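Enquirer: Given the structure of chain A, go ahead and fit chain B onto it with the hints provided.
Number of protein chains: 2
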Amino acid sequence: MLTYSFENIGADSLYEYLYKCIKNDILQGRIPAETKLPSKRTFAKNLNVSTITIENTYGQLIAEGYIYSVPKKGYFVSNLTNMVKHVPVSKENPIHVAVEKKSYQYDFASNQTNPVHFPFTIWTKLVREVMLDREKDLMTNSPSGGVLELREAIAGHLRGFRGMNVCAEQIIVGAGTEYLYGLLIQLLGKELIYAVEDPGYSKIAQIYRSNGVKCVHIPLDKDGIHVEELNNSRADILHISPSHHFPTGIVTPISRRYELLGWASKSDNRYIIEDDYDSEFRLMGKPIPAMQSIDVSEKIIYMNTFTKSLSSTIRISYMVLPKHLLEKFYKELYFYACTVSNFEQYTLAAFIKEGYFEKHINRMRIYYKKIRKQVMEIFKESSLALKAEILEENAGLHFLMRIKTSYTDEELIRRVAQKNIRITCLSQYYAHHEDVNSHILIMNYSGIALEHVGEVFETLSNCME
Amino acid sequence: MLTYSFENIGADSLYEYLYKCIKNDILQGRIPAETKLPSKRTFAKNLNVSTITIENTYGQLIAEGYIYSVPKKGYFVSNLTNMVKHVPVSKENPIHVAVEKKSYQYDFASNQTNPVHFPFTIWTKLVREVMLDREKDLMTNSPSGGVLELREAIAGHLRGFRGMNVCAEQIIVGAGTEYLYGLLIQLLGKELIYAVEDPGYSKIAQIYRSNGVKCVHIPLDKDGIHVEELNNSRADILHISPSHHFPTGIVTPISRRYELLGWASKSDNRYIIEDDYDSEFRLMGKPIPAMQSIDVSEKIIYMNTFTKSLSSTIRISYMVLPKHLLEKFYKELYFYACTVSNFEQYTLAAFIKEGYFEKHINRMRIYYKKIRKQVMEIFKESSLALKAEILEENAGLHFLMRIKTSYTDEELIRRVAQKNIRITCLSQYYAHHEDVNSHILIMNYSGIALEHVGEVFETLSNCME
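The listed protein sequences derive, respectively, from chains A and B. Quick note: the first sequence uses my numbering, first residue 1, plus one each step. Quick note: the second sequence uses my numbering, first residue 1, plus one each step.
Just chain A, with the same shape it has in the complex:
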């Protein structure tokens, strides 16, 4: 009869230890297939343990399929003929994959928000209030589009801040715009052709392609998307940032907006995705109105995010669907759970409704204006001013800088990286390289502390020689 000693039992319970012993013996072939195991009572007696211990052991072995029971006959070892013959190798050596990107001391390419600006005190207070007062809501599954309270708050914000007359139901909340692009592809169709701006964020095209749809690049002229090129492209969906294009800063004027709406209205398949990701941070004048607000033919899908206006580490974005697409969404994609946790949805809803979001934006605008002014002054005083010219750009948290240097853009980026500074060039944002403007840097200054800007400018200047 099977006999096991409990000498090396360690921290296991009796039944766990016995289960492991028998399982190993079966796996190693020491107990052959179809062997009849001792009855529970005999085995218990033999091992001097309780019958319950044997019952639990056999139960676990049966559940996992190592043995089986035949009523009134007893327990038998399963036939594991199809078993892969080797026992799992020890995975002692941990896996090392180069997963983390290089980080730089000074990064003009980062879109990371500066921790000192996040309204920690208010946010903590609201989180606490939400957790105290809203237990039931927090534990109630959110509708696919997000909790209504947040969608109402966003609709209110869009009304006041962007002149958009939308209702809460039209708003679909999701964990980042990247996720929403994927949802939109499922909604609009994978057989359609998606068009993006050239130059533009390469990530947007990457996401479309990674989702398996055809993606084309449309060149820009000074007013935004080149309409003739668009007409020639066979594109169905146009993805643009008409109120502030990255990285050129182009604001698409009203006449071009109407032309683009005209293009969209020529076919039922056509839509424009208005990616309004940093409209809150136009530093001069009023915000540029959204294209969505002049769309009477339900052709604009408006999209925005709190990752830019609040923190890049809080993943909440949203889109505003025209009515007929909203119906399609609820018919075809209703089964998706909302990807944002209720805790953050309710906290953000309170943050907007109680006026903190507007205050935060205003404070940030004033701050960025001040920083921009100071950065410009530091620039003028620096030796960089002799080798570079700042191109007019009033709209965002970065500016373009045309430089004089004999290095290629690639060489310059490499030289600067050796000094622990990361820069990006406009040329890197082009898909079609024949169109490229070289020697234009994109200076995102929001992630660099003011006291370092001077020395960083000098270092940059030295790298250009």
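The hints are simulated quantities; they were obtained by calculation from the structure and are not laboratory data. If a hint is listed, it holds; no wrong ones were tucked in.
No copy labels: a pair is met if it fits in one copy or bridges any two.
Each computed DSSO-like pair below joins lysine-lysine, with the alpha-carbon atoms no more than 30 Å apart:
#, residue 1, residue 2
1, 369, 203
2, 72, 373
3, 331, 214
4, 387, 369
5, 72, 369
6, 23, 36
7, 323, 203
8, 286, 36
9, 203, 328
10, 286, 73
11, 125, 359
12, 373, 286
13, 331, 190
14, 40, 222
15, 125, 136
16, 353, 20
17, 214, 328
18, 125, 353
19, 387, 72
20, 286, 380
21, 308, 125
22, 328, 190
23, 20, 45
24, 308, 359
25, 214, 266
26, 72, 20
27, 20, 308
What you are looking at is a predicted structure, and each value in this text was computed from that prediction instead of being measured.
Expert: This is chain B only, laid out in the frame that chain A set:
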């Protein structure tokens, strides 16, 4: 010269009001294209406002493209010929789309977690600590796969609880398993054929199809996936829950597990997605070991979620990639931002590392065991016991119940719904209806308060006659 009265200015600033007046006049055609506007100084004098006001007004109109400036000549109205002729219609009538699903008083189909079980006090404490102590980490962008601290905590949990020897880097965190399925399709390939269990969660097939990939259903026998059918299916990717199939409760025995691994190892394209969504809640004996732990050929992609074990309203799931797929992930999908907010990632990391997660699971297991026992006792006492038989099912938070009734499953569901009770039948989980077992109910009791179970059973019983 243009003249405007500031009588109806309301809350607008001077420049905002003036901007709106001029913009409207241009849109309505009252100021024709190419009209030269007054110079800033003259206009300011005429309206009795400051030049700065006019400067801001013109600036905004230029930015939006309503007017343009010609150096040394002045300001001119743009030609908006392509303008769609109608002015936006008033959107006074709010959109009403039937977006919310019917909710039931008693829901045997809900997977919603009961608020009273969520560890609010601990969670609130951890949230507060994280927000106080981790400002910088909270504002630092998470790697694509999630913050390392959480991934380490999950690896530790898998080691202790599932006998899985994985390292933190292999773990990819995302906002729900539904999101991760989409990522996996991008990683493995859209041209592959994905196989799911029949019966099974219809949502899984829906998600695959919505992502544009081919999805086939493989029937089950008593041990899980029918291997011959799988071999005949031309499937590349097999999506299964071997440790606890929903809704049948089948645990795939070790011999079948090796057969399936054998199937996977026959082609480089083949993988098995092990969806281990509720392994924490096996109520009898030890948890069934994960298939991942016997996989020596890097064929298993393990997946699990905290939406089941913690709360359905916190959207955190993860997958464990084999090494070579991890490298592919970081090469091809590195550009995606992690979809879970840092705030919740760090809170969950602390929750696991400080032992609260294990305590929570143990408490819930004891609770569910107790409830299960009581539900069974209430069942035996009820008149339902005369018309129904509970099928053996030890593994999860639900049980199967075979009923005697002359109604079809559809009729019964409708009759019961009239009493404000939602039930689902096993037959609803089949894709191929010829295989269907009818008159088997899936009773998810976790969302129903114990004091109501008796009356709900009586109502159910009455509906069957």
